[in-house]
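Top to bottom, those sequences are chains A, B and C. First residue of the first sequence: 1, per my numbering; consecutive thereafter. First residue of the second sequence: 1001, per my numbering; consecutive thereafter. First residue of the third sequence: 2001, per my numbering; consecutive thereafter.
It is worth saying that the hints were derived from the structure and are not from the lab. Treat the hints with care, since some could be wrong.
[Stated by the list, open to error] Which chain C residues face chain B? A few, computed with CB under 8 angstroms, are given here:
id, residue
1, Y2131
2, M2159
3, I2262
4, M2395
[Claimed, not checked] Listing some non-contacts, in silico: residues in chain C with all C-beta distances to chain B over 12 angstroms:
id, residue
5, G2171
6, I2251
7, G2265
8, V2272
9, D2283
10, I2391
[Claimed, not checked] Some chain B residues well away from chain A (every beta-carbon gap over 12 angstroms; in silico):
id, residue
11, V1254
12, S1386
13, R1430
The model shown is predicted, which means the values in this text are computed figures rather than measured ones. Heads up, the beta-carbon is just placed ideally off N, CA and C, and yes, glycines get one too.
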Amino acid sequence: MVSVYIIGMSLVMMIGVIRKKEQRIREIVIYSMLIGGIVEKESESGMKIYRMIMEEEGSKRGVIGIMIIGGMIVMLGKRRREEEIIIMQMSEGYKMMMIGNEWMVVYMGMEWQSLGMYSIGIGRGRSIKEREAGIKYLIVSGIAGGMYLMGVVRNYKETGSMKIIETEWIGGSKGWIIGSVMMKIGVVPMHLWIREIYEGISKRSMEVYAVWPKWGIGNMLCRWEVEWGRGVWVIVVVGSIIIGSIGGYGEESIRRWIGYSTISQMGYMLMGMSMGNKEESVEYYISVYSVMMMVILGWWSEKSERRMKELVGEGKRNSVKSIMLMITMYSMMGMPVMAGFWSKYRVMMESVRSGEYSMGIVGVIGGVIGGYYYVKMVEKIYFKEVREIKRKELNKREGQSIMSIMQVLIILIGIEERNII
Amino acid sequence: MGMELWIGMISPWIGGIMIGMSKRSGRKGIIASGIVWIIMTRELVKRIREERKVEERIENIGYEIGVDGMSIGFMWLTSVLISVSILSEYRKEKGSQEQLLIMEGILLEVFSVRDIIGFYISYEGVLIPMIMMVGRGGSRERRIRAVYMLIIYTLVGSMIMLMGIIVMYVSVGSTSYEVLMNVEYKEGIGKWLWWSIMISMMIKMPLIPVHVWLPEVHAEAPTVGSVMLAGIMLKMGGYGMLRIGIGMLSEESVYNSPVIYTMSVISGIYGGMSTISQIDWKKIIAYSSIVHMGMVGVGMYSMRREGYSGSIMMMISHGIISSGMFMIVGMMYERYKTRIIKYYSGMEEGMPIMSRIMWMLCMGNMGVPLTSGYVSEMWIMWGIMSVSKEIGVMMSISMILTVVYTIWMYNRVYKGIKKEYIKKEMDISRREYNSISPLVVIMIIMGVKPSIWSEVW
Amino acid sequence: MMPIIGGVIGLGYGRKIGVEGSSKINIRSMRWSVVLISMELYESVIEGVKKEVKMWEWMREGVERVECGVISEKEVISMMWMVVVVGSIVSEYSRSYMKEEGERVRFMSIVNIFIGSMLILVVSENMLQMYIGWEGIGICSYILISYWSRRKETGKAGMKAMVINRIGDMGIMLGIGKGYVSYGSVSYGVMKSVVMEEDKIMGIMIIMGVMTKSSQMGMQTWLSDAMEGPTPVSALIHAATLVTAGVYVVIRMEGIIGGKGIMIGIGGGSIVYIGMLGIYAQDIKKIIAYSTGSQLGYMVLSVGVGSSNNSISHVINHGMVKAMLFMSAGGIIHSRMEEQDIRKLGGGRMNVSKMGVIIGSMGIMGIEYSSVYESKEEIIRESSMSRYGEISSVMGVGITSYYSIRMIKRVIVSEGKKKKEEVEEKMEESIMKLSMIGVVMGYLSKEWERESWEMELGVREKVVMMIGIIMGIVKDKIKERKIGRIIGKKWYNEVWQNRWIGSKIELMGREIVEGIDRKILEECGRKGSKEIMEVMEKRIRRRGNVSKYSMGMIIGIIMWGWSCG
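Just chain A, same shape as in the assembly (with noise of 0.2 angstroms):
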């Protein structure tokens, strides 16, 4: 139901456009992404419109996930009117990519979103940078969905049914499917777009990038079941915990300390895979990460600098903020008393348990590395001394906001957390 609300919605959108009443359709956007997000949860309804749909609490929670973070990512900025809607669109292919049933309406749902992107990543156009990235991201997505459509179509061959609950996943198919799925995401051996792209596209895009993509399938692939051929596995979790760690060993750019960050972070997420209760490691993984990842979205979307260097000295600059990024960063090492914390605990655990014990050292191992850089960020901010660098900053209170709140959920969730245990 709430889907054709939507597309009403962007209806209104585009009427108001050539009416040029911008600021309070931006609003409009925004409540109506938050609203239906949490009204979401009450439909049942909706459920009629898409035929096959998968009931599960999982598939609920994803998709009010990704209402939610839409509306966020909207929140965070000034953005071209078309994007705001095309936003829109996007959260429309994730919601079928999450509770679609059948192999093809979650094709649909990705390419629709892949559409998306592309479009957002190419932005204005006016640079180079970001035409490429952009292209670069239509080869990778296209790639992807070829894969993808190869494992339907073995599998489809194998047990000639398309749902994805009821059937069983026989071997030649796996692969393909959840390759093209790990490329979208961004872990080893297909991380190498990551950094590129990212390093193209302007900030605004990056907000997009960054979280909702990572949510959608992270969410997805607790429902599935997915067995993996333990090798593979072995490598793309070792290798994008390492890589991610050691990659952003040196990096100067913000914008691939960002990417080199998402590499590894995915590479712990995955490692909770391994069995059992995925919905509680990897779900809950990714839900603190996107909320770690709005913060540092939400943190930089008003700042102008590239490099880590011109970071000096943020801490008597703007204190309050610099807290927050500084717990989040610490949040993101995994560091005790906040949720990103948990969310390691949780994953190790997850291989522990199953008896993977060298995943366990290697997560070890990539924790303190990646500490290095975590915390060198943070030395950045406040250790040196002030130098008098003074750049325009755009102070937006829904940047702000969105930080706090978020900022706010991660302690939370944190001290919380104890009490679970």
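Given chain A, work out where chains B and C should sit, using these hints.
Just chains B and C, lined up with the frame of chain A:
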């Protein structure tokens, strides 16, 4: 009685947040830390009088905090040190007071939680304020490097420990101390567990050869940072060894005790020799800490009651003595802005009171009777002699070295003729005096009447 | 306990009361002690009563309770008596000797604390408490030796004293540990009743403590350097109390610890070795110091042969005499404006002090009718049990005479430069008091303890003594021959200890820090890992090459496909 304890644990947090939000700190810090101190002391005294090892529990928000004899000692020490630090920072601007209070809150958690995950959380958590204190308050360029060393060394240890903890949890099914203490592990797992956890403790304590971070960090940290670091954080390592190593993994501990012996003895002797050749005052005291913790290691793993008590005593005593010394160094640093010993000499003339205080602390360091240092050394000696005389001999070598470098340090700084670098001397001020004298008094009381303490644990 | 209380009060309120006041308190407390202890002495020596008083519980650990206790036995009391008598007299002496010093308050107070610690040591009934006193006197001696804190040498001397003493402490601590462990208690009484046979290992440990404290051969370097301190300090510490503490402990533990043979060896060796050092010394205080060391050798020797009673009496007698010697020497030094080299000290008037020197020296040498003579005789007699002991003790007589005469000659008899002299009354009084006491005691003890074998004293000793005297008179210009030079350099002892051990350790320490700590550990630890990281990082990050990317992707795809069939 649970209420009291709860108040004690909460007040540092409240204080810290309040200070964090206000511009100037004023008296809030002192009040908050004072409350904690009083409560801790009362707990301590209560325990002494009752002569039982009573455990206090707070079943609160779903997790347990409990205090038993072992913990209370450390918690008390924490409260003392924080109060003293806040006192000494009183006059300055906001400074590190809120960090100190928050640190206190976390530290109290470390020693009182009854499950191992909580322990891990607080253990790591302490790093956060520590990083802030060192990173912000230090004053040289090298401090960045020092902070990194602190972080990385500790993190490596912690991560490994996390693995160990997870494995423990998975195999036992619970994280509460109660359960974990009664479990026996199968062959292979037990060994790995022990190593994974002990490595972290060893880094924290620190024992040679993973001690490299300590001198660096001390040299760059501000005074109160060093006080807290040496006073309490190192003891967390010892506490962990006690609780987890001996409490939960006792068989493996016994099996592995030669390892600890070796490392401790090396710490004692190597550390002592390194101390002699240092020229940075703070590093001297830092290495001295390493030596003392070597003794702690020996005492703890002697598996005898005397040694065990001795090691706890030594930890508390060392916490007080080293902290006192760091405070004095800090005072000197404030006046003269250098820590290199070569520049100091002949201080006794101009600063008699401070020299006396320093001398008393030195005596404690060396293990002169009637100070707490002596009592702890004695007990550890008793403990170790029943196990192996050779180790006892080696430990006494490290005691000799302790005397050597302590006196040498005292000589260098306080005796002789004043050098021309020091233009004007100012003896100790009232505020500083007030912040240091409790430490000295405690040291002497502990030395004269240790039976008060030994009954506690 | 009085002296300690006095000392502490003096220290604490020193500033307020003022210089005179604090000295008064200190001295007064001393006097009280003398009185009290004399009373005790009477009781125990004459009546032969033995008392044991347990005071309070100090610590409890495990099963064991360690309590503070006080014993009064004959030996104990006599020792205590000597300590306080000498102590009080020296305190008076120092009042005038140190009159010009600034920090007299501190001095007097620490002296009192020192004496108090000694008393604790003497009086305690278990090893732990004894150790408190032991350390106490160690610390006080450090403070007192390096009292003139300006000079660098004093600091170093103090440190040397402290460090070497610490080595001894190590021995004692180990001994205590072993005692505790093996016998379950550290109380003398308990241990004595439990021990079957003498425990050699423990004996070695404790003897090590004794060796350093009483500056026996091998560890005697601190003794001479300790002369940096003011003379009253030397009088107290190095004549009467500190150095005798070691001997006392051994005596106390007689029956518990073994290793008698070692004691004989060390004692005898010290007599000769240290005595010879005394012959070649140039500084008056050093001569007296070495003389002390040599006499201590006698004491240790006699314990070794089993006659600890003699040892005690020698301790007491020697204490008095030596203190007097020191004080006289102090008088002379003071009058010569702090000149300590004997070659420059001739002439002058200084009657009392000179008399003191003569009397003291005579006593030490073993001329009849002084108290020291008595005890020395006993020792020599007893030591005839062992060949080695006999030889060394007899030689010791000669050596003692040699250096004593030399000193007398140089100081008193020969003509030197005349300088301005000052005469201090109080000092003289003290000297006189002590010498009187010394003589009296000698007489008395002759009555009490001596039996009638005086006749057998032996021509032998007398002969040796004469030889010594002659040599002393004649050969005071030494250093010409090679042996002189060797001994002059103190048997290269200093060299050996200092250069080899001391600086080697320092060098090692430095090397360790530089080499291992900085280079290796840091390389591995921090820098190393950083470099590894950087290298690895460079390898991982390659940019720009699209072809590489596509290759990567293709590999990835293949991998995926292949892995799943």
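Inset, instruction - If any of the earlier hints don't hold here, list their numbers in rising order. - result: Of the numbered hints, 3, 4 and 5 do not hold.
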